[in-house]
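Trainee: Model the full structure from these sequences, guided by the hints.
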Amino acid sequence: AQKITQTQPGMFVQEKEAVTLDCTYDTSDPSYGLFWYKQPSSGEMIFLIYQGSYDQQNATEGRYSLNFQKARKSANLVISASQLGDSAMYFCAMREGPGGTSYGKLTFGQGTILTVHP
Amino acid sequence: SQTIHQWPATLVQPVGSPLSLECTVEGTSNPNLYWYRQAAGRGLQLLFYSVGIGQISSEVPQNLSASRPQDRQFILSSKKLLLSDSGFYLCAWSVPRGGADTQYFGPGTRLTVL
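Those protein sequence lines, which keep their order, are chains A and B.
Be aware that the first sequence starts at 1, since it is given in the working numbering, and climbs by one per residue.
Be aware that the second sequence starts at 1001, since it is given in the working numbering, and climbs by one per residue.
It is possible that part of the hints are untrue.
Part of the chain A face toward chain B, derived, beta carbon under 7 Å [to be verified]:
#1 Met11
#2 Gly33
#3 Gly104
If you're looking for bench data, these hints aren't it; they were derived computationally from the structure.
This structure is a prediction, so every number in the text was calculated from the model and none was measured.
C-beta atoms are modelled at their ideal positions from N, C-alpha and C, and glycine is treated no differently.
Mentor: Written out as structure tokens, the structure is:
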């Protein structure tokens, strides 16, 4: 079974509007971390935002917020006020187990291509 | 601040030739280091990780190997490349302090095997 599922191969949004990118995950570990990365056409993976499984509040980083619904095992990324530069591939990833251990393997979803229209 | 370098940026190699990709990290000590491969239009697959000098763990059996000769240097190698080795190779680092242990990625190497 897929551990990270991103069901939207592609999404379109108008500039200045908000967009939600979906991510669901599957784990039996009570301690885990969820990450979102952005990959523009240049290829570099850029870290956007992190949510820990025990965090009480949804993570926010500037225009990025993470809609964390633990019971539903979803961790959707919300981008507010979209900009043309937000056009890229977006990946959701999960680390199973607590942070601070000697190894933190990430499992990635298949990604969602976001296109922002002017 | 920390930076991560990878070279070369692009590489075209014939089948059966050797491979050496290098990754170096600056501005941190004792990082965990990772090699990922990304096939076209796909997610990332973890190939190797290292928690210290000379300590390498492999995630998938393959035609590749990794080495960590220095604390902040990670090398991906192959003795004989296959067509299926083509892809985008990304190196990443993290410092296991607890909490997020976020992985930060390098610019990547695009490898084409012909």
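Trainee: Does each hint fit the structure? Answer for all of them.
Mentor: How the hints compare with the structure:
For A/Met11, the interface hint is violated, since its Cβ never comes within 7 Å of a Cβ in chain B; the closest pair sits about 15 Å apart. The interface hint given for A/Gly33 holds, since its Cβ lies 6 Å from the closest Cβ of chain B, which is under the 7 Å cut-off. The beta carbon of A/Gly104 comes within 4 Å of a beta carbon in chain B, closer than 7 Å, and the hint placing it at the interface holds.
In terms of the numbered hints stated before, the structure departs from hint 1 and from no other.
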